[in-house]
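Protein chains in written order, with full-length UniProt numbering: chain D, 1 to 215; chain L, 1 to 215; chain X, 1 to 215.
If you are wondering where the hints come from, they were derived from the structure by calculation, not from laboratory data. Please note that the accuracy of each hint is not assured.
Each computed DSBU-like pair below joins lysine-lysine, with the alpha-carbon atoms no more than 35 Å apart [said to hold, decoys possible]:
#1 X:Lys31 - D:Lys31
#2 D:Lys31 - L:Lys31
#3 D:Lys32 - X:Lys31
#4 D:Lys32 - D:Lys204
#5 L:Lys204 - X:Lys32
#6 X:Lys204 - L:Lys32
#7 X:Lys31 - L:Lys204
#8 L:Lys204 - D:Lys204
#9 X:Lys204 - X:Lys32
#10 D:Lys32 - L:Lys31
#11 L:Lys32 - L:Lys204
#12 D:Lys31 - X:Lys204
#13 L:Lys31 - X:Lys31
#14 D:Lys31 - X:Lys32
#15 X:Lys32 - L:Lys32
#16 L:Lys32 - X:Lys31
#17 L:Lys32 - D:Lys204
#18 X:Lys204 - D:Lys204
#19 X:Lys32 - D:Lys32
#20 L:Lys204 - D:Lys32
#21 D:Lys32 - L:Lys32
#22 X:Lys204 - X:Lys31
#23 L:Lys32 - D:Lys31
#24 L:Lys31 - L:Lys204
#25 L:Lys204 - X:Lys204
#26 X:Lys32 - D:Lys204
#27 D:Lys204 - D:Lys31
Here is how the chains run, residue by residue.
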Amino acid sequence: MPTPSFHAAQLALDLVGVFVFALSGGLVAVKKGFDLFGVLVLAVAAALGGGILRDVLIGDVPPVGISDWRLLTPAALGGLVTFVYHPGVERISRLVRALDAMGLAAFAVSGSLKAVSFGVTPVASVLIGVTTAVGGGVIRDLLAGQVPEVLRRELYAVPAAIGAVIVVVAGELGALSDWVLWGAVMIVFGLRIIAVRLDLNAPKPLRTTGKPTGK
Amino acid sequence: MPTPSFHAAQLALDLVGVFVFALSGGLVAVKKGFDLFGVLVLAVAAALGGGILRDVLIGDVPPVGISDWRLLTPAALGGLVTFVYHPGVERISRLVRALDAMGLAAFAVSGSLKAVSFGVTPVASVLIGVTTAVGGGVIRDLLAGQVPEVLRRELYAVPAAIGAVIVVVAGELGALSDWVLWGAVMIVFGLRIIAVRLDLNAPKPLRTTGKPTGK
Amino acid sequence: MPTPSFHAAQLALDLVGVFVFALSGGLVAVKKGFDLFGVLVLAVAAALGGGILRDVLIGDVPPVGISDWRLLTPAALGGLVTFVYHPGVERISRLVRALDAMGLAAFAVSGSLKAVSFGVTPVASVLIGVTTAVGGGVIRDLLAGQVPEVLRRELYAVPAAIGAVIVVVAGELGALSDWVLWGAVMIVFGLRIIAVRLDLNAPKPLRTTGKPTGK
Chain D
1 MPTPSFHAAQ
11 LALDLVGVFV
21 FALSGGLVAV
31 KKGFDLFGVL
41 VLAVAAALGG
51 GILRDVLIGD
61 VPPVGISDWR
71 LLTPAALGGL
81 VTFVYHPGVE
91 RISRLVRALD
101 AMGLAAFAVS
111 GSLKAVSFGV
121 TPVASVLIGV
131 TTAVGGGVIR
141 DLLAGQVPEV
151 LRRELYAVPA
161 AIGAVIVVVA
171 GELGALSDWV
181 LWGAVMIVFG
191 LRIIAVRLDL
201 NAPKPLRTTG
211 KPTGK
Chain L
1 MPTPSFHAAQ
11 LALDLVGVFV
21 FALSGGLVAV
31 KKGFDLFGVL
41 VLAVAAALGG
51 GILRDVLIGD
61 VPPVGISDWR
71 LLTPAALGGL
81 VTFVYHPGVE
91 RISRLVRALD
101 AMGLAAFAVS
111 GSLKAVSFGV
121 TPVASVLIGV
131 TTAVGGGVIR
141 DLLAGQVPEV
151 LRRELYAVPA
161 AIGAVIVVVA
171 GELGALSDWV
181 LWGAVMIVFG
191 LRIIAVRLDL
201 NAPKPLRTTG
211 KPTGK
Chain X
1 MPTPSFHAAQ
11 LALDLVGVFV
21 FALSGGLVAV
31 KKGFDLFGVL
41 VLAVAAALGG
51 GILRDVLIGD
61 VPPVGISDWR
71 LLTPAALGGL
81 VTFVYHPGVE
91 RISRLVRALD
101 AMGLAAFAVS
111 GSLKAVSFGV
121 TPVASVLIGV
131 TTAVGGGVIR
141 DLLAGQVPEV
151 LRRELYAVPA
161 AIGAVIVVVA
171 GELGALSDWV
181 LWGAVMIVFG
191 LRIIAVRLDL
201 NAPKPLRTTG
211 KPTGK
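Chain D with its partners taken away, still in its complex shape (with noise of 0.2 Å):
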């Protein structure tokens, strides 16, 4: 079982995605003109909705996203450091996707985590993580009026469920360990980069109408 050396990484890392997810939802909030509250809400419902969905369909109410002030705080302050300084922050929107990326490896094996220990099913343990990884940003999109951009770009929730599988068969087979764990985390990171340089997406439906693309 992980120890609590993972547990204290594990906290650091939730860290870093919740601030990360949280510039994502103020940049898009700004973009969208809303006023300080707006950006707040949005950048505290990129961070935080993936794990309050998360909580819910697990059955673990309150959700820690809106009673444990070390998650929150960080949503909040991603949310007025974006409002101050968006220009800044879009400047360094490289980086952003690098912490992004972060962010959901991050999410995807915690959340896996926290519905095995619940005693979830494994297959609704894989499906929950992916919930805890891609749901604020789902959330976020949603919020601004716009089609999620999971649904429609880039490879981005497959990583996070191939991290959420292993954390599952780790578990099923009694081998999670702090290893596993930030094996998963690293497998999760890599796959996210590498989608991101070669600008991978999923495959897209076939057109059967129309023009050929090809020109």
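With the hints as your guide, set chains L and X onto chain D.
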């Protein structure tokens, strides 16, 4: 109370409903140009979203929709079928619509039945039955960035409500039997098919401005 | 602790809030051209959505919003009134706005009070109070296909947050009394009315591109 034979048949109906609702979700996703992941998510959301809302509202977590392979498999399969063969699915849209009416009927009856069996009050059981039946379509439309169809078009929710009322009233009278449940399924199905055939819609508010629509 | 007299008055305030929020939901639905069912759903969602979110987040399921006739009836009634008489409702929109401020106040106080009484942590209780107050409007806007008004316009959530903070701080100090609760309601109501009158808005991010707006 419902007998084992009903539960077996109920499962069969649920599987049909899940698969057909998944086709509807997949078709919307294909039209929106989503990638494979997006098609699968929209298919699964349309197929299982109503049941997930039901289970969260009655406190049966984690929801069976994410923990039961027998429901997840047809949901994902419906998405895959749509992804690889969507022109074929569109061509049989009349059949899909008939199957959709069967899914609506199955979900309205099974949703309200589950609520009753959890000791939920009658009025809440009716609302939960309707939510089970139409919730997946609402989530599908929200994720796809369109106003939920059920709010604008055709008599869709009303047959579901009638079926849920039948189940709840029978439950209150201690008269829940296979016959009643099957009768409710048939009534919802029949009313929905009639609404489609006659192009019936719920009434709209009177217009008070602009030119009369009769030219 | 709150006395029976407060609970009676609280129920009265809640009923007013539910009815007025239902009018707001119905009006949005009429403008969008929804049918009777759509108008009723949007009215009920606006009126009860905040309380349903609150109850799901604190684990009080099924939510009272779908199980208590006393709340469902004014919600549906508000939708029906809007459906049959919406020009009249629009004409008294100034009155509706004042009543809406009262609903906001009632929901912020009753939502945070319920969270405190469920043993939820202080910071989560504040967030749940705000969610109760603004959640219905957010769900209404999402279903209607528009960006939630609360994210873009006017000081709406801030008075609710102030009221929730008062309730939670009083709870922590063991000083919850009818006077405190009524005082909090009055403060939220008063701040909201002032914001409407003075057309106050939360600050917006500085624009960094394009022409200066001051000409």
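Hint by hint, here is what the structure shows:
Between X:Lys31 and D:Lys31 the alpha-carbon distance is near 27 Å, which keeps this suggested pair within the 35 Å criterion. For the hint linking D:Lys31 to L:Lys31, the alpha-carbon distance of about 27 Å falls within 35 Å, and the restraint holds. Using a Cα cut-off of 35 Å, the hinted pair D:Lys32 and X:Lys31 holds, with the two alpha carbons roughly 23 Å apart. Restraint check: the Cα-Cα separation between D:Lys32 and D:Lys204 comes to about 28 Å, which is no more than 35 Å; the hinted pair holds.
Only pairs whose Cα atoms come within 35 Å are accepted, and L:Lys204 paired with X:Lys32 is accepted, the gap being roughly 11 Å. Taken as a hint, the X:Lys204 and L:Lys32 pair is honoured in the structure, with Cα atoms around 33 Å apart against an allowance of 35 Å. Between X:Lys31 and L:Lys204 the alpha-carbon distance is near 11 Å, which keeps this suggested pair within the 35 Å criterion. Under the criterion of a C-alpha separation no larger than 35 Å, the hint pairing L:Lys204 with D:Lys204 is inconsistent with the structure, at around 39 Å.
For a cut-off of 35 Å, the pair hint linking X:Lys204 to X:Lys32 stands: about 28 Å separates their Cα positions. Under the criterion of a C-alpha separation no larger than 35 Å, the hint pairing D:Lys32 with L:Lys31 is consistent with the structure, at around 26 Å. Between L:Lys32 and L:Lys204 the CA atoms are separated by roughly 28 Å; this keeps the pair inside 35 Å, and the hint holds. Only pairs whose Cα atoms come within 35 Å are accepted, and D:Lys31 paired with X:Lys204 is accepted, the gap being roughly 11 Å.
The straight-line distance between the Cα atoms of L:Lys31 and X:Lys31 is roughly 27 Å, inside the 35 Å bound, and the hint therefore holds. With a C-alpha separation of about 26 Å, the suggested pairing of D:Lys31 with X:Lys32 holds against the 35 Å cut-off. The straight-line distance between the Cα atoms of X:Lys32 and L:Lys32 is roughly 22 Å, inside the 35 Å bound, and the hint therefore holds. A distance of roughly 26 Å separates the Cα atoms of L:Lys32 and X:Lys31; the hinted pair therefore holds under the 35 Å criterion.
Restraint check for L:Lys32 and D:Lys204: the C-alpha separation of about 11 Å stays at or below 35 Å, so the hint holds. A threshold of 35 Å between alpha carbons decides the hint, and for X:Lys204 with D:Lys204 the separation of about 39 Å lies outside it, so the pair is violated. The hinted pair formed by X:Lys32 and D:Lys32 meets the criterion: a straight-line CA distance of about 22 Å does not exceed 35 Å. Pair hint L:Lys204 plus D:Lys32 holds up; C-alpha atoms about 33 Å apart against a cutoff of 35 Å.
Simply put, D:Lys32 and L:Lys32 have alpha-carbon atoms about 22 Å apart, close enough for the 35 Å limit, and the pair holds. Of the pairs offered as hints, the one joining X:Lys204 and X:Lys31 holds, with about 28 Å between alpha carbons and a cut-off of 35 Å not exceeded. With a C-alpha separation of about 23 Å, the suggested pairing of L:Lys32 with D:Lys31 holds against the 35 Å cut-off. Between L:Lys31 and L:Lys204 the CA atoms are separated by roughly 28 Å; this keeps the pair inside 35 Å, and the hint holds.
Between L:Lys204 and X:Lys204, the direct Cα distance comes to roughly 39 Å. Violation of the 35 Å bound is thereby established for this hinted pair. For a cut-off of 35 Å, the pair hint linking X:Lys32 to D:Lys204 stands: about 33 Å separates their Cα positions. For a cut-off of 35 Å, the pair hint linking D:Lys204 to D:Lys31 stands: about 28 Å separates their Cα positions.
The earlier numbered hints that this structure contradicts are 8, 18 and 25.
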